[in-house]
Amino acid sequence: MSLDDVKTTGFKYVGTSPDRPDGLDKVTGRAKFGADAYAPGMLHGAIARSPHAHARIISIDTSKAEALEGVKAIVTRADFRDDLRGDHWNVLENVMAGDTALYDGHAVAAVAATSVLVARDAAKLIEVTYETLPHVTDVDEAMADGAPVIRAGTADKSVPEGLHPNVVRYHESGHGDVEAGFAEADLIIEDHFRTEATHQGYIEPHACLATLGGDGKGDLWCCTQGHWNVQKICSSLLGLETSQLRVTASEIGGGFGGKTVVFIEPVALALSRKTNRPVKIVMSRSEVFRASGPTASTSMDVRIGMKKDGTITAAKGVFRLQGGAFPGAPMEFTAMCAFAPYNLKHVKQIGYDVMSNRPKQAAYRAPGSPMGAFAVESVIDELCNKLGLDPIEVRLKNASREGTRASFGPTFQRVGLVETLEAAKAHPHYSAPLKPGQGRGISCGFWFNFGGETSVSLALSMDGTVQIVVGTPDIGGSRASMALMAAEELGIPYENIRCTIADTASLGYNEVSHGSRVTYASGLATIKAARDAVKKLCGRAAAKWGIDPEAVDWVDGCAVPSGPNAGDFDPMPIAQICKSMGRTGGPIVGHFEASPEGAGVSFATHIVDAEVDPETGKTSVVRYTVVQDAGKAIHPAYVEGQYQGGAAQGIGWALNEEYVYGKDGRLQNDVFLDYRIPVASDLPMIDTVIVEVPNPGHPHGVRGVGETSICPPLAAIANAVSAAAGVRLHELPMNPPRILAALARRD
Amino acid sequence: MHYHTPASFEDAIKIAAKATGITRFLAGGTDVLVQLRADMVTPDTLIDIKHIDGVHDITRTSDGGWTIGVAVTGAEMTEHPELAGDWPGLVEAMDLVGSTQIQGRATLTGNLCNGSPAADSVPAMVAAGASVSVRGPDGTREVAVEDIPTGPGRTSLAQDEVVTAVNIPARVAGGGDAYLRFIPRTEMDIAVVGCGINLVLDGDTITQARVVLGAVAPTVLLDQACGDAIIGTTLDAAALERLAKAASAACNPITDKRGTIEFRTKVAGVLAQRAAKIAYGRAQAGGAS
Ligand SMILES: Cc1cc2nc3c(=O)[nH]c(=O)nc-3n(C[C@H](O)[C@H](O)[C@H](O)COP(=O)(O)OP(=O)(O)OC[C@H]3O[C@@H](n4cnc5c(N)ncnc54)[C@H](O)[C@@H]3O)c2cc1C
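First to last, the protein sequences are chains G and D. All residue numbers for the first sequence refer to our numbering, where the first residue is 571 and numbers rise by one. All residue numbers for the second sequence refer to our numbering, where the first residue is 11 and numbers rise by one.
Please note that the accuracy of each hint is not assured.
[Claimed, not checked] Listed next, the in silico DSBU-like pairs over lysine-lysine satisfying Cα-Cα at most 35 angstroms (straight line):
(1) Lys1233(G) to Lys267(D)
(2) Lys694(G) to Lys727(G)
(3) Lys1005(G) to Lys24(D)
(4) Lys28(D) to Lys634(G)
Derived by calculation from the structure, the hints in this document are not laboratory data. As the structure is a computational prediction, the values presented were derived from the model and not from experiment.
Please put together the full structure from these sequences, using the hints given.
Below you can see the structure in the form of structure tokens.
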């Protein structure tokens, strides 16, 4: 067998669900999260934030704050680089306001003091004089004539003439002739949909501990999904040489995309540089809501034509996303994912990136995709209802398969949508009877998945055990998956392997843990690093036996002669080779570095039963089944966890979570009491079906699984709620007042 | 900030009378400490009343009623079978407050004196006809629960007054109570609408009814028209219809992040009907289950 062969069956370790390596640390409190770091002489930072949605900063008077005992330094925008442009300028502008506060909660100054309380009191004593400006927080209003301009001249070249200056990017894609396609339809439905911004809702607020000396050398500890990115951005914002800033990622209490960017880290570094002392900053929950990145809110129009037999003849979508006071709302992803599950001859999608006076949006699990699916899958559901067609049969009829030209351009390789639909159809849930007042909804969803820069090293110890060093923070159980893949390749038990997330000084650049890329890309690199190590192990055995290295195979953790012609030697176990490695050529380490490009796209189909109380508009999700293609589930229990987590977050987004802004443009619900994320008792047991259609681009067949799971829920729940309530819901969240209002309008 | 642990109510009011700035009594602290940490209210004086004799007791009075100490927690009420037998609606209302952790700290008195229009135990206490004993420099007075809150976050208590106990009347034969609230989730939320009802029956006919709404006006609403809608009836469909109308008509709500005017008005009627049915069933069963 060639070492580069793709193995998709006959696994020994892959596909089992051993105990998670971080489990004991986390249940005993030994795990160190962002806020668990302390340093001698450490100061505490606090941030003064704008109480206005939009206001010019006339002056900042820090004298009273500086006079407070225990205050060591105050920083404002003047303490950061003043020559940045482009993306990094936008990041800096968000981290610390320049001449204008752009949203409620925008940082305007920060203080370092000897205690948390003194720092907070001092932040209150910073006197900022504002001149308030007109504001806008709604996406449609922000695009309309006369809306206050957030920042003139931000629009890039993609934006057609004549649009409001708050429209800063434009996307158009598709193929065929949609008007010709609509002409072939027996029924066309067009509808308008809206979704509110939701927060990733990770349980751990952002926290960091920064040390930066006048010599430009620094250390930063923080909870992040990607510390090389933190290193790159922080060194840019502070004018440091990248390699002089070493960043270590803490254990992470959830990220879901929201920890792929920086907020407090550059501020802590600036305070540390000014005081020459370590500075720690921990956000409050209110700061997390007001000033870290929720997802975008949307306004969407979708038009789909269908024949009586269920064939979709044409589809068109317009997707407007508001991403806060900065460019970057993921409207192209919304547009590209919206129709991806379907094999369409005529399809067109348009996206608008719109600025408003809200915090800069950050990635949230399959950024942009769930909203588009909500609109598209709602219209398909309505078409099925009107034409009397089964929603799974219609989706099967139009499903994207291997060879389908995707709505966003490329041709799909081997994909598993049909398999998820077949599994959903066969699942007892789909045919289970419903009680009165209940409705069933289904939806498909799509996410691209991703590769990205990846670097892994795998070192063997003298006793034949193994240390894997990866650079992708473990946000979903990846340490267990890396160890399983390495165990498979090395033929040694899972327990003999420890996987560690290295700091930025220990490996080459690693892209952020996002895009569902870790099990794919770091997994691929781990497998290749293990194969590199195996080659070296075989080489040592060959040298000992005095035979050609090509004549040695690796079987069950031992070097063996590849056949009778190679010689008659007893198998040489890994521990024996490692014991003498110092004398036989030195340490044995496997490496792999690349930007793998074979990430496999992934599809899911969800089935939801919802019950609506017609007197109060309250929805209960009574049954939920996730069916998703994993390619290969390395650690099935973790994969199930990802499926369930996506569904749980989707339930919150669909039913009760939302950013509520007052007329004054201030966020009204900046605590979990009023930001209504589901509690455990709000959720049913979420059933999962793992479909495995191997990804040819990964040596064990892995696709990403973390993000696709949040793509179908909004639509699946909306379809179930609409069936249960007897009225179509077009706007999220489908909270009780909105459902009662829809029922009242119908009656 | 000054923190005191007086051993008597007398000392407590002396400290309160002398204090300047913002003063708070500390019962369970599930409002006080949360508001402190959230930077909403930073008291200058904190007077912990949990070290005073008797404040942890639930006592049966000679006339069959109950005296509930001002430090008695929700969990202690729920685990008191006789109290829960007499006043299931009141005990369930308190049990709705927060989570298991909160239940180990939160008190009826704190829930009342925090002054939230959405406080869960307050409509149930008012429905039960409960009062509080209030001690001030001139002695003790007894005040009906509905006369304590005067608006969101405000009460009729003077700076140097402290609540020393909650008094619940005796459960009469043929009586029954219930409390329901509407929240969009299943727990850990604040009432968008609350409704407490206490009924007394003669046979199957309602002779007394106290219908109380929460979270639909600046203070708790004890509405006579709601009671009148069902007194003299067997809670038949027509009576329930009248009750819902009266409850909706009594509302004077606002639109905020937790619900709209229209929603609160409609759901007040729905909850009144549902709570009335539960209270009626309990009253028929003898008021003791
Ligand atoms: C997570 C969470 C969930 C919650 N959920 C709910 C809920 O579902 N429903 C609900 O109604 N509330 C809820 N609350 C609010 C709170 O728990 C309740 O209001 C609780 O009953 C307050 O009681 P306490 O003993 O903790 O009061 P404290 O916080 O100790 O005091 C509250 C107020 O009462 C005053 N006070 C206390 N004792 C006296 C006294 N003897 N005399 C005069 N004034 C006094 C204090 O000065 C203060 O103003 C929740 C709170 C949290 C943190």
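Evaluation of the provided hints:
Annotation: proposed proximity of Lys1233(G) to Lys267(D) holds, straight-line Cα distance about 12 angstroms (limit 35 angstroms). The hinted pair formed by Lys694(G) and Lys727(G) fails the criterion: a straight-line CA distance of about 42 angstroms is larger than 35 angstroms. The suggested pairing of Lys1005(G) with Lys24(D) is violated, with an alpha-carbon distance near 62 angstroms, which exceeds 35 angstroms. Restraint check for Lys28(D) and Lys634(G): the C-alpha separation of about 30 angstroms stays at or below 35 angstroms, so the hint holds.
Violation of the numbered hints given earlier is confined to hints 2 and 3; the remaining hints are satisfied by the structure.
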